[in-house]
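Participant: Sequence:
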Amino acid sequence: MEPHPLDVVSPAKIAQLVQDVGIRKVSLGALETFTLGVLAGAFIAFGGMFYTVAITGSELGFGPTRLIGGLSFSLGLILVIIGGAELFTGNSLIVMARASGRIATRALLRNWALVYAGNFVGAAGSALLVYFSGILSLGDGAVGTQALAIAEGKLALAPIEAFARGILCNILVCLAVWMCFAAHSVSGKVLVILFPITAFVVLGFEHSVANMYLIPVAMLYSGQADIAGLAANLLYVTAGNVVGGGVLVALVYWVIYCRKPAA
Numbered sequence: 001m002e003p004h005p006l007d008v009v010s011p012a013k014i015a016q017l018v019q020d021v022g023i024r025k026v027s028l029g030a031l032e033t034f035t036l037g038v039l040a041g042a043f044i045a046f047g048g049m050f051y052t053v054a055i056t057g058s059e060l061g062f063g064p065t066r067l068i069g070g071l072s073f074s075l076g077l078i079l080v081i082i083g084g085a086e087l088f089t090g091n092s093l094i095v096m097a098r099a100s101g102r103i104a105t106r107a108l109l110r111n112w113a114l115v116y117a118g119n120f121v122g123a124a125g126s127a128l129l130v131y132f133s134g135i136l137s138l139g140d141g142a143v144g145t146q147a148l149a150i151a152e153g154k155l156a157l158a159p160i161e162a163f164a165r166g167i168l169c170n171i172l173v174c175l176a177v178w179m180c181f182a183a184h185s186v187s188g189k190v191l192v193i194l195f196p197i198t199a200f201v202v203l204g205f206e207h208s209v210a211n212m213y214l215i216p217v218a219m220l221y222s223g224q225a226d227i228a229g230l231a232a233n234l235l236y237v238t239a240g241n242v243v244g245g246g247v248l249v250a251l252v253y254w255v256i257y258c259r260k261p262a263a
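Be aware that the sequence shown starts at 1, since it is given in my numbering, and climbs by one per residue.
Source of the hints: derived by calculation from the structure; they are not laboratory data. All the given hints hold, so there is nothing to weed out.
Here are the simulated SDA-like cross-link-like pairs (lysine to any residue), alpha carbons at most 25 Å apart as the crow flies:
#: 1; residue 1: K260; residue 2: L17
#: 2; residue 1: K260; residue 2: I23
#: 3; residue 1: K13; residue 2: V242
#: 4; residue 1: K13; residue 2: S27
#: 5; residue 1: K13; residue 2: A99
#: 6; residue 1: K13; residue 2: F181
#: 7; residue 1: K260; residue 2: R102
The structure presented is a predicted model; accordingly, all values stated were derived computationally and were not measured.
All chains, full assembly: derive it from the sequences and hints.
Facilitator: Structure (C-alpha cells):
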C-alpha cells in the first residue's frame, strides 16, 4: 500500500537520501562548490545580524532573551536549506557516503575545504558590509556594544569549552538538516529547522560559520583585530563541529541504517 502523501520520510530512507545528496555534493565543480559556500556564509551572517539586533536592549531576562535570539538566528539555516547553499557544518553528513565507500576520502576533504573557505569569505565579507553600513551604530551604538559582548564571550572560552560546545552545536544542526529530508513542504522544512537551531543558540553552543561573522564584525567595530583569538576559536569549534556532525550524527545513523552485517 502506498504511504499517505503527508507521511514523513522514514529514517532509513533519509539515510539513503543523505548519502545520495553527499555524492552529488562532492561531484560539484570547484567554482560551484566555493560559490555556494560563499552564499551559505552570507546566509548564516544574516542570521547573526538578526540575532544581534533582536537581543540588543532586551529586558526580558536571560532565558526569554536567548529564546528570541535563537528564533532570529534560525533565519540563517532556513536561507541555506530553502535558498540552496553549501554549509560546512551541514556537510558533515557527507561522512555517511564515505563510510559506505561511495565516495573517496579525498573527495570529502576537498568538499569540506572548498566549502569552509567559501563560508569564511561569505561570513567575513558580510561582516565588512555590516561595518560599513552603519548598522552597528543603531540604538545609539547599542547594537555595536552587543556585538562586542557576543564576540568577547566567544573569545573567552577555554579550548575544551569551545570544542565541547562545537560538538553539541553540530549535533543539533545536523539533526535539523537530517529532519529536513523528512519534510514534504517548505513550511515543514522551516518548522523542523526552528527548534534545533533555536536550542543551540539558547544553550550557548558554538557554530564555526556563525563565528566567522560574529567575531570579525566585533573586531571591525572595536578596531582591534585579535587574529590569533579568532583562529584559536575557529580551530576548536570547527573540530567540535566535525565530531558532533560527522561522528555523533552521520556515523551513528550509518551504523544503524547503512552498515552491512559481517559475513
